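K.L.:
Below, each chain spelled out in residue letters.
There are 2 protein chains.
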Amino acid sequence: MKSRGHPSAATPAGSITDVPGLHVGHYQRTGRGWQTGTTAVIVPAGAVPGVDVRGGGPGTRETDALAPQNLVDQVHGVCLSGGSAYGLATADGVMAWLEERNLGFPIGSGSDQVGVVPVVPAAVIFDLGRGGQFANRPGAEFGRRAAKAARKTQSHWGSVGAGTGAKAGGLQGGVGTASTIVTIPGEDGQPDLDVTVGALAVVNANGSTIDPLTGLPWERRCFQLRRPSSTERQSLVEVLDGQATPRLNTTIGIVATSAQLTKAEVSKLASVAHDGLARAVRPAHSMFDGDTVFGLATGTHLMTSESTTLRVPGSRNGALNQLLTASADTFATACTHAVLAATTIGDLTAYRDVCPSASRD
Amino acid sequence: MKSRGHPSAATPAGSITDVPGLHVGHYQRTGRGWQTGTTAVIVPAGAVPGVDVRGGGPGTRETDALAPQNLVDQVHGVCLSGGSAYGLATADGVMAWLEERNLGFPIGSGSDQVGVVPVVPAAVIFDLGRGGQFANRPGAEFGRRAAKAARKTQSHWGSVGAGTGAKAGGLQGGVGTASTIVTIPGEDGQPDLDVTVGALAVVNANGSTIDPLTGLPWERRCFQLRRPSSTERQSLVEVLDGQATPRLNTTIGIVATSAQLTKAEVSKLASVAHDGLARAVRPAHSMFDGDTVFGLATGTHLMTSESTTLRVPGSRNGALNQLLTASADTFATACTHAVLAATTIGDLTAYRDVCPSASRD
Chain W
64 MKSRGHPSAA TPAGSITDVP GLHVGHYQRT GRGWQTGTTA VIVPAGAVPG VDVRGGGPGT
124 RETDALAPQN LVDQVHGVCL SGGSAYGLAT ADGVMAWLEE RNLGFPIGSG SDQVGVVPVV
184 PAAVIFDLGR GGQFANRPGA EFGRRAAKAA RKTQSHWGSV GAGTGAKAGG LQGGVGTAST
244 IVTIPGEDGQ PDLDVTVGAL AVVNANGSTI DPLTGLPWER RCFQLRRPSS TERQSLVEVL
304 DGQATPRLNT TIGIVATSAQ LTKAEVSKLA SVAHDGLARA VRPAHSMFDG DTVFGLATGT
364 HLMTSESTTL RVPGSRNGAL NQLLTASADT FATACTHAVL AATTIGDLTA YRDVCPSASR
424 D
Chain H
64 MKSRGHPSAA TPAGSITDVP GLHVGHYQRT GRGWQTGTTA VIVPAGAVPG VDVRGGGPGT
124 RETDALAPQN LVDQVHGVCL SGGSAYGLAT ADGVMAWLEE RNLGFPIGSG SDQVGVVPVV
184 PAAVIFDLGR GGQFANRPGA EFGRRAAKAA RKTQSHWGSV GAGTGAKAGG LQGGVGTAST
244 IVTIPGEDGQ PDLDVTVGAL AVVNANGSTI DPLTGLPWER RCFQLRRPSS TERQSLVEVL
304 DGQATPRLNT TIGIVATSAQ LTKAEVSKLA SVAHDGLARA VRPAHSMFDG DTVFGLATGT
364 HLMTSESTTL RVPGSRNGAL NQLLTASADT FATACTHAVL AATTIGDLTA YRDVCPSASR
424 D
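Listed in order, the protein sequences are those of chains W and H.
Heads up: take any position in the first sequence, counting from 1, add 63, and you land on our numbering.
Heads up: take any position in the second sequence, counting from 1, add 63, and you land on our numbering.
Treat the hints as calculated values from the structure; they're not laboratory data.
The structure displayed is predicted, hence computed values, not measured ones.
No residue lacks a Cβ here, since even glycine has one placed at the ideal position from N, Cα and C.
Please note that the accuracy of each hint is not assured.
To be clear about the criterion: a stretch of chain H counts as covered by chain W if any three or more of its residues have a C-beta under 8 Å from a C-beta of chain W, and this derived list gives those stretches [to be verified]:
1. 135-148
2. 159-167
3. 321-335
Computed Cβ-Cβ distance ranges for the label pairs, DEER-style [unchecked claim]:
4. H:ALA108 to W:GLN287: 20 to 28 Å
5. W:GLY252 to H:SER420: 19 to 27 Å
6. H:ALA327 to W:GLN287: 53 to 61 Å
7. H:ASN133 to W:ALA128: 20 to 28 Å
8. W:GLY409 to H:GLU301: 34 to 42 Å
9. H:SER420 to W:GLU250: 37 to 45 Å
10. W:GLY171 to H:PRO169: 57 to 65 Å
11. H:PHE197 to W:GLN287: 48 to 56 Å
12. W:ASN380 to H:PRO254: 47 to 55 Å
13. W:PRO419 to H:ASP274: 25 to 33 Å
14. W:ARG214 to H:PHE197: 51 to 59 Å
15. H:GLY171 to W:GLU250: 53 to 61 Å
Generate coordinates for the entire structure from the input sequences, incorporating the hints supplied.
P.N.:
This is the structure in structure tokens:
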């Protein structure tokens, strides 16, 4: 398993868009009482969805449709947003954008098709009032603009989109990403199969991604970081200790793979991504966190010419286990990247400004 | 929050039996084709139960009765065992032992009570054949003997009871324990409340508790360990790499607290203990792991004279969050302790024998 390391905090070499077919777009507003935004992941060719909700205070939409026993087995977009429960309205805008492109669950078939209903799973973080005005929150237009901005080569991370108003353990939070290539051994003369696992995390956590003892992230193996100076570590501890009583906080995200998986398998993939969250954010899954991870499986592969499925029944669970391990590791890296890539907005200070020597490129 | 550190690997200062009312007993057989056993946790005064099953291949009993919406709100014992699904028979012996003491769900009331039905939640690990004979597995008698051996001052840990045939990432696994004292701030002039959280883990994991890069446990903050020599680290990597293809593996355990909690809260406590598992054992929750954690809340306290509940509604979730954080941390420490306390049996080598300088007392 090769992790695509981040050569620096600001320019990740691995991204959820390394999973072919996934596009990411952000839209946000800051200043004049605003500090919030929306991130949309668009999959024009569709993906098999899954979800695991493990926080005590979630804000979600269309999660029941993703249960393995339920009907919908393809989605074309996922919406992550600030705005707490109000921000669930952003999915309306993603739905409208998808409907205009005839992407969604088809109503009627063939020449009798009368339209589509796009199923857009969504989850939100609590950032109400971070920009100064409690009533400034994302609506449908934010979702539409985030969908419209979606690109395969997304290069904006950190304090953008749904991460604009995010806060993580007293520091500025953000949106992070990472990807891993998993090589699944071929059997019966078949060639090895390279499968991509990508993750996107919006970190607005009650817990911290930074170990106060070292001043470095709990999960830092994919990053080249220097140990912060003692002065920097002291400043960091003051920031971490100084955060207000935790209220409503959340890490939300997506783990995606190019493998062809069933809905139940994608649910398991989303579930084990929470292990990465547990390692990267401490504590996690509190009563005040709405921690939610969506899964997406596109069923295509990055680097194979012929095989498009995990086909060998005897080793299918073994191959799935490799993807589960990558799911946890990649989601952990995405969580850490979110905080490393964040930039200071207003009175929320970013890690890179508290510990500049650690995150210097 | 104070963690009761382990001054050495072999003699933990913190134990699940620090939660008043909990007794732990082990029974095991080794040699002549045997290497398996059973661990019983007995709570004569009863405890509110919960459970979270997060592995892909669990072996459990009486978990449905623990769902918050279901009837049973007190259990008097939990049974953990080797023997894979066959080992679920050990709960029969714990039931019989409890029935003889009239401990269980009462049938009829007052003078019309005709008897009890003890509800004994159980989970098993896969250790079939580790002693040489596939057919040598624990039955009801193992459960009865483990219950009979239960003591408040349990001092046997490591390769005993349900951990006798356990294997963790190629090393000998075992049973580990830990405890934490959580101080919940008093409100409205009430005194602070000291609540104990204890954990017991049987580590038979597909993943490893040891970081191959350092040769030390992933979660080691509660232990005084030296860095192993380069020769030891080399031996360790060979052991970790040399393990056979993972088959059926599992970490099972219990997180217990002296706080008075509802069934739903105890379920959440068990759920967040899996975060500790995710940090201590990497990877965890695979399709071949039957990872299961039970929760128990006794409703008594270690060090308070008057308060027996988390009473203040406004801060109840805040107090619960403190317990959830302790649940993850304490369960992680118990998992690590299981491997540090393990001793070599047969051809399964213990960490202390591969890296003796790390775990020297």
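K.L.:
Would you mind marking each hint as holding or not holding in the structure?
P.N.:
Evaluation of the provided hints:
1. 135-148: violated (count 0)
2. 159-167: violated (count 0)
3. 321-335: holds (count 3)
4. H:ALA108 to W:GLN287: 20 to 28 Å: violated (55 Å)
5. W:GLY252 to H:SER420: 19 to 27 Å: violated (47 Å)
6. H:ALA327 to W:GLN287: 53 to 61 Å: violated (44 Å)
7. H:ASN133 to W:ALA128: 20 to 28 Å: Distance hint for ASN133 of chain H, ALA128 of chain W holds at roughly 27 Å.
8. W:GLY409 to H:GLU301: 34 to 42 Å: violated (53 Å)
9. H:SER420 to W:GLU250: 37 to 45 Å: holds (42 Å)
10. W:GLY171 to H:PRO169: 57 to 65 Å: holds (59 Å)
11. H:PHE197 to W:GLN287: 48 to 56 Å: holds (50 Å)
12. W:ASN380 to H:PRO254: 47 to 55 Å: With a Cβ separation near 53 Å, ASN380 of chain W and PRO254 of chain H satisfy 47 to 55 Å, so the hint holds.
13. W:PRO419 to H:ASP274: 25 to 33 Å: holds (29 Å)
14. W:ARG214 to H:PHE197: 51 to 59 Å: holds (57 Å)
15. H:GLY171 to W:GLU250: 53 to 61 Å: With a Cβ separation near 60 Å, GLY171 of chain H and GLU250 of chain W satisfy 53 to 61 Å, so the hint holds.
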